[in-house]
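Kindly produce the complete structure, drawing on both the sequences and the hints.
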Amino acid sequence: MPSARAPSHVAIIGAGPAGLMAAEVLAAAGIRVELFDAMPSPGRKFLLAGVGGMNITHSEALESLLDRYGSDGRAALEPAIRAFDPDALRAWIHGLGIETFVGSSGKVFPREMKAAPLLRAWLARLKQAGVTLHVRHRWLGWDAAGGLHFATPEGEISLHADATLLALGGGSWKKLGSDGAWQDLLAARGVAITPLAPANCGFDCGWGEFFADKYAGSALKNIAASVAGSPFRVGECVLTASGIEGNLVYAHARALREQLECDGHATLLLDLLPAFSHDKVLREVSTSRGAKSLSSFLQSKLNLGGAKLGLLYELLGKEAMQNPAALASAIKALPLPVVAARPLDEAISSAGGVRFAALDDNYMLQALPGVFCAGEMLDWEAPTGGYLLTACFATGRAAARGLLQYLASDTRQAGNS
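UniProt numbering puts the first residue of the sequence shown at 1, with every later residue one more than the last.
Take these hints with a grain of salt, some might be off.
Cut-off 30 Å, straight-line C-alpha distance, at most; resulting in silico cross-link-like pairs (DSSO-like, lysine-lysine) [claimed, not checked]:
(1) Lys280 to Lys221
(2) Lys214 to Lys301
(3) Lys107 to Lys174
(4) Lys107 to Lys221
(5) Lys127 to Lys114
(6) Lys114 to Lys221
(7) Lys114 to Lys174
(8) Lys301 to Lys318
(9) Lys174 to Lys127
(10) Lys292 to Lys214
(11) Lys318 to Lys221
(12) Lys292 to Lys318
(13) Lys301 to Lys221
(14) Lys221 to Lys292
Computed spacing ranges between beta-carbons, pair by pair [to be verified]:
(15) Ser104 to Thr152: 40 to 48 Å
(16) Glu236 to Cys262: 23 to 31 Å
(17) Gly208 to Ser286: 27 to 35 Å
(18) Asn222 to Glu319: 24 to 32 Å
(19) Thr194 to Ala83: 37 to 45 Å
(20) Glu236 to Thr267: 43 to 51 Å
(21) Ala219 to Met113: 44 to 52 Å
(22) Ala83 to Ser104: 24 to 32 Å
(23) Glu63 to Arg289: 47 to 55 Å
Treat the hints as calculated values from the structure; they're not laboratory data. Where a beta carbon is used, it is the ideal one built from N, C-alpha and C, also for glycine.
This is the structure in structure tokens:
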């Protein structure tokens, strides 16, 4: 990379994975880096995401991985991810002294299955590289002189830097710092933004009171789901008091959200027995059950009971359950009405954000020369499974490299306003 002019001083706002990665790249190039975060400590969302097992990336073929971001997301993110792909990411983690392994599903985890050891080693490296971390510094935008304006425990302050990198996250999990407040600040400066929306989220289905009381918290395992004619995807999900959530639902969240936005309603098709063909199910439910109750009959013939059976009764009703053809069709393609996405703050991640058309090829805002963006605050989305972190790391690195080019450019403009 070209060497930066001296003195070069960069402010990074947001100490999540994208901001931390950008800080590492810039500090390694000899830049004086100040890193700001509104929370009392860095990486809050990163740490919580690792509580159940830190899924850092995915081992599938790169072409398949890139497809997980959708056609528009792939077009925008591909250069950054190819420049820092999952293999490079794993090598970087190993360089921190953290071993990784590939799980049975292809997901990549740190050996200890936790985010905290990785974050501690990373922060120690950044400190050694000279990065200065300021916590409890909430960014308020720019002051009248074009300086970065912060609220701190000691009062409001302003700061001027040669360039700024924003890695402010999306709009989910406000208590961890991602509140989306930056949207208004950037929109006021002419930056094109797609409003934030819930991604990897649960959905409301309008259950009856009896069903909700009996089955909330129940898992639906070994099922498959589809939306709008898409291929059925096998997985599992969980029934909630108001609807449904879980990885299988998150994989279809974008399609469901778009249906809701367009039509005001959406349908998730569930295959409750993906290992059985429709013909086999129809043969089994068409045989005489003798003195057995329907519930006992379905349990003995198809091992179908519990929450799956309850869901059939909830959506079909008792009369249709007695019709073998209708029952078989419902078991293999049960239309589950979806009435609304759960609130953004409950979502694992958010969709929307700064549009890529608002950036140049180096992740700099065209409306604000010297201001760069990275991470989840950009307009892309992906399912869970390591894809979210992969793109955050990659865009943090790409934006930092773009910032270095800006600092070294003879056409560099002063200030960030």
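For this session: Could you check the hint for me, namely that glycine 208 and serine 286 are 27 to 35 Å apart, CB to CB?
Result: 28 Å, holds
Problem set entry | Pair hint outcome, lysine 114 versus lysine 174 [Cα-Cα no greater than 30 Å] | 22 Å, holds
Exercise. Between lysine 127 and lysine 114, does the CA-CA distance stay at or below 30 Å?
Worked result: Since the Cα atoms of lysine 127 and lysine 114 sit roughly 21 Å apart, the hinted pair holds (cutoff 30 Å).
Problem set entry | Consistency of beta-carbon spacing, glutamate 319 to asparagine 222, with hint 24 to 32 Å | 28 Å, holds
For this session: Given the hint that lysine 114 pairs with lysine 221, test it: the Cα-Cα distance must not exceed 30 Å.
Result: Holds: lysine 114 and lysine 221 sit about 26 Å apart, inside 30 Å.
Problem set entry | Restraint status (C-alpha distance of lysine 214 to lysine 301 at most 30 Å) | Given pair lysine 214, lysine 301 holds - Cα atoms ~24 Å apart, limit 30 Å.
Exercise. Cβ-Cβ distance between glutamate 236 and threonine 267: within 43 to 51 Å?
Worked result: Since glutamate 236 and threonine 267 have Cβ atoms about 19 Å apart, the given range 43 to 51 Å is violated.
Problem set entry | lysine 221 paired with lysine 292 [C-alpha distance capped at 30 Å] | 25 Å, holds
Exercise. Do the alpha carbons of lysine 280 and lysine 221 lie within 30 Å of each other, as the hint requires?
Worked result: 20 Å, holds
Exercise. CB of alanine 83 to CB of serine 104, is that within 24 to 32 Å?
Worked result: For serine 104 against alanine 83, whose Cβ atoms are near 29 Å apart, the range 24 to 32 Å holds.
Problem set entry | Distance restraint between lysine 292 and lysine 214, which requires alpha-carbon spacing of 30 Å or less | 23 Å, holds
Problem set entry | Restraint status (C-alpha distance of lysine 107 to lysine 221 at most 30 Å) | Holds. Lysine 107 to lysine 221 sits at ~19 Å (cutoff 30 Å).
The earlier numbered hints that this structure contradicts are 19, 20, 21.
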